[in-house]
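Here is how the chains run, residue by residue.
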Amino acid sequence: GQNIDQPTEMTATEGAIVQINCTYQTSGFNGLFWYQQHAGEAPTFLSYNVLDGLEEKGRFSSFLSRSKGYSYLLLKELQMKDSASYLCAVSLTYSGYSTLTFGKGTMLLVSP
Amino acid sequence: DGGITQSPKYLFRKEGQNVTLSCEQNLNHDAMYWYRQDPGQGLRLIYYSQIVNDFQKGDIAEGYSVSREKKESFPLTVTSAQKNPTAFYLCASSRTDNIQYFGAGTRLSVL
Numbered sequence: 012g013q014n015i016d017q018p019t020e021m022t023a024t025e026g027a028i029v030q031i032n033c034t035y036q037t038s039g040f041n042g043l044f045w046y047q048q049h050a051g052e053a054p055t056f057l058s059y060n061v062l063d064g065l066e067e068k069g070r071f072s073s074f075l076s077r078s079k080g081y082s083y084l085l086l087k088e089l090q091m092k093d094s095a096s097y098l099c100a101v102s103l104t105y106s107g108y109s110t111l112t113f114g115k116g117t118m119l120l121v122s123p
Numbered sequence: 016d017g018g019i020t021q022s023p024k025y026l027f028r029k030e031g032q033n034v035t036l037s038c039e040q041n042l043n044h045d046a047m048y049w050y051r052q053d054p055g056q057g058l059r060l061i062y063y064s065q066i067v068n069d070f071q072k073g074d075i076a077e078g079y080s081v082s083r084e085k086k087e088s089f090p091l092t093v094t095s096a097q098k099n100p101t102a103f104y105l106c107a108s109s110r111t112d113n114i115q116y117f118g119a120g121t122r123l124s125v126l
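Chains A and B supply the protein sequences, listed in that same order.
In terms of my numbering, the first sequence opens at residue 12 and continues consecutively.
In terms of my numbering, the second sequence opens at residue 16 and continues consecutively.
No lab work stands behind these hints, which were simulated from the structure alone.
Check each hint, because a few of them may be wrong.
What the hints assert, rightly or not - Distance condition first, Cα-Cα at most 30 angstroms in a straight line; then the derived DSSO-like pairs of lysine-lysine:
1. B:K72 to B:K24
2. B:K72 to B:K98
3. A:K115 to B:K98
4. B:K29 to B:K85
5. B:K98 to A:K87
6. B:K24 to A:K92
7. B:K72 to B:K29
8. A:K68 to A:K92
9. A:K79 to A:K68
10. B:K72 to A:K115
11. A:K79 to A:K115
12. A:K115 to A:K87
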């Protein structure tokens, strides 16, 4: 079966740096996604890693190690608006179909 | 503007009733998906469709049905067989690069 783990909650201070980890055990791995979801709203796409290494997009970076089944999302210069749930999702392909399997999400609370 | 539209935003179901959630996209995406989100459970895949007139069951398809008669539309019916339908339902669509874009969601409750 598929198994994706990420911490349930994290707290950080405005202006700080936070790293949200995600580990996975899956078959048919095709890439790893990070989404941000504010309470009561739809998830929005943040980043996508298909190869090992670091992808940087402004204040957000995402890292992938396929051999270790490990990814992290790094958020720099935290702002209050970054308080949200961060969803790790693994892209899987089998029988010619691609789907996403989501972790349960990490709720990040940014305090002043 | 291009996007994914889900309606209604809130929906109430009576005992034994079937209800249909609408999802329309004008992004010209081939693939569409339905997810259910419960507190503390993350997103779970109900059904997905890669092309018109074809769809596949996801992890929790029991008690749900879908159709894909047009590329733009992927309605989800919550049948009376779904005994615990209260949840936040999210529709998504994607191109072949698999980045999924989500609608604003429908919150379904039972009366």
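Status of the hints after comparison with the structure:
no.: 1; hint: B:K72 to B:K24; verdict: holds, 24 angstroms
no.: 2; hint: B:K72 to B:K98; verdict: holds, 18 angstroms
no.: 3; hint: A:K115 to B:K98; verdict: holds, 22 angstroms
no.: 4; hint: B:K29 to B:K85; verdict: holds, 29 angstroms
no.: 5; hint: B:K98 to A:K87; verdict: violated, 44 angstroms
no.: 6; hint: B:K24 to A:K92; verdict: holds, 24 angstroms
no.: 7; hint: B:K72 to B:K29; verdict: holds, 25 angstroms
no.: 8; hint: A:K68 to A:K92; verdict: holds, 17 angstroms
no.: 9; hint: A:K79 to A:K68; verdict: holds, 23 angstroms
no.: 10; hint: B:K72 to A:K115; verdict: holds, 21 angstroms
no.: 11; hint: A:K79 to A:K115; verdict: holds, 20 angstroms
no.: 12; hint: A:K115 to A:K87; verdict: holds, 23 angstroms
The structure shown violates just one earlier hint, number 5.
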